[in-house]
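Student: Since the structure of chain A is provided, determine the placement of chain B on it from the hints.
Protein chains in written order, with the working numbering: chain A, 9 to 223; chain B, 452 to 625.
Do not take every clue at face value.
[As the list claims (entries may be wrong)] The calculated lysine-lysine pairs, modelled on DSSO-like cross-linking and capped at a C-alpha distance of 30 Å, are:
#: 1; chain 1: B; residue 1: K590; chain 2: A; residue 2: K42
#: 2; chain 1: A; residue 1: K77; chain 2: A; residue 2: K63
#: 3; chain 1: A; residue 1: K42; chain 2: B; residue 2: K613
#: 4; chain 1: B; residue 1: K574; chain 2: B; residue 2: K612
No wet-lab data here; the hints were simulated from the structure.
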Amino acid sequence: MENIPDQLFDLLEQKEFHELNAEEQAGVLACMDKQTYTSMRNASVLSHNFFEGEKPIDVNPAQLQQLLKKVETKHLTEQPAIVWNKPVALWKVAALFLLLGGGSLIFILANQNQVIRTSYITQLDTVFVEKEVPAEKIHDTVYIGYERKQQKQHTHRAERLPTEHYLTPAQDANIPTMSDVNIVRIKEKDEPINNKKGNSIKDDSLINAFGFVTL
Amino acid sequence: MRLLSAHMDGKVIEELHQRYASKLTSFSARMLMNRTVAEDLVQEVFIKIIEKPNAFDTAQKFSTWIFTIAHNLCLNAIRNEQNRDRLLNEHYEVQEQFIQHSTIDVKLIKEKMNMIFKELSEKEKAVFIFRFEHELNLKEIASILSIPEGSVKSCLFYMLKKLSDQLSPLTNTP
Numbered sequence: 009m010e011n012i013p014d015q016l017f018d019l020l021e022q023k024e025f026h027e028l029n030a031e032e033q034a035g036v037l038a039c040m041d042k043q044t045y046t047s048m049r050n051a052s053v054l055s056h057n058f059f060e061g062e063k064p065i066d067v068n069p070a071q072l073q074q075l076l077k078k079v080e081t082k083h084l085t086e087q088p089a090i091v092w093n094k095p096v097a098l099w100k101v102a103a104l105f106l107l108l109g110g111g112s113l114i115f116i117l118a119n120q121n122q123v124i125r126t127s128y129i130t131q132l133d134t135v136f137v138e139k140e141v142p143a144e145k146i147h148d149t150v151y152i153g154y155e156r157k158q159q160k161q162h163t164h165r166a167e168r169l170p171t172e173h174y175l176t177p178a179q180d181a182n183i184p185t186m187s188d189v190n191i192v193r194i195k196e197k198d199e200p201i202n203n204k205k206g207n208s209i210k211d212d213s214l215i216n217a218f219g220f221v222t223l
Numbered sequence: 452m453r454l455l456s457a458h459m460d461g462k463v464i465e466e467l468h469q470r471y472a473s474k475l476t477s478f479s480a481r482m483l484m485n486r487t488v489a490e491d492l493v494q495e496v497f498i499k500i501i502e503k504p505n506a507f508d509t510a511q512k513f514s515t516w517i518f519t520i521a522h523n524l525c526l527n528a529i530r531n532e533q534n535r536d537r538l539l540n541e542h543y544e545v546q547e548q549f550i551q552h553s554t555i556d557v558k559l560i561k562e563k564m565n566m567i568f569k570e571l572s573e574k575e576k577a578v579f580i581f582r583f584e585h586e587l588n589l590k591e592i593a594s595i596l597s598i599p600e601g602s603v604k605s606c607l608f609y610m611l612k613k614l615s616d617q618l619s620p621l622t623n624t625p
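Bound conformation, chain A alone:
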């Protein structure tokens, strides 16, 4: 079909072969002979004539009225929402529904066994009180004070202490010594002198018989 000139069909409709100029004839003859052109021109003209005698089809006016009603209805129901006038990809809508539906399902399943109790918790949930907080004392060091004891120096004692605190030689003589204390030795305890005499109240016969004594 590369050989068919673009203007061939126009030429077929408009001109007989002998009416073609040299250039047009050359173009036509490149793809067909004169006879073919003539017969095809006849077919082309008849095809045009085929429609020429036709009356234009009368359109039913009721159809136009229906269309006008349709336009009115469309204007009434048309929403000014801009979002719906924009084309949205189907997969986006499906993804949105899946997301919302899935989220709702998970939420419902998660809260299915929970009993929701509503109670009044508190009216005030936060109270601000202004007060001074004393700085905390940190005792990290303890100082212990003590006097270092000096060695007793008897030789200097007389010099440091007043003389009235010391005993006189007479007083010193009256202080009992260890030799003056009556020390009973263990052995001496068993000697006859230290035996029971039987004059204790516990040894009394009446006490032993009656347990008491009356005078």
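Tutor: Chain B in isolation, oriented as in the chain A frame:
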């Protein structure tokens, strides 16, 4: 086509209906061989225009767009098996309707052409109608049928050749 641009109101539809309803009905009736179905189909074309005026691409002619809608609806109707059966039963009536306005001299030729027309494929019928009734150029026809321009050229060439072969005995051309 500025009428369509801003608002689709009653006046716009009235104007469009006046301009195209008859042409569309004629085209659809030839394609479907049934005037009643064609009228319903044309109504459907206008409803589509009312509902989706934004589908119109301003880069192309309005006539191209409206004929594209009509052609697609015709193809859908033809592909519908029920319609096909009904159309086959009713097509003769349409032929008679087209013939009744003809003169007696061309009656035989018209009958023959009707027979040839009936045997054409849907694509050939559309090309034939758009070329010889609506006088559209090859580019416009290609745009309406959504086929390459070369295909239109080829289709038209072989269709004219077939017509010339079958009509030559009647027209006494060699």
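Student: Holds or violated: K77 (chain A) and K63 (chain A), Cα atoms, limit 30 Å.
Tutor: 29 Å, holds
Student: K42 (chain A) and K613 (chain B) were given as a pair; does the straight-line alpha-carbon distance stay at or below 30 Å?
Tutor: 17 Å, holds
Student: K574 (chain B) and K612 (chain B): Cα distance at most 30 Å?
Tutor: The given pair, whose Cα atoms are some 16 Å apart, holds under the 30 Å limit.
Student: Straight-line Cα separation of K590 (chain B) and K42 (chain A) no greater than 30 Å?
Tutor: With a Cα-Cα distance of about 27 Å, the restraint between K590 (chain B) and K42 (chain A) holds, given a limit of 30 Å.
In this structure, every one of the numbered hints holds.
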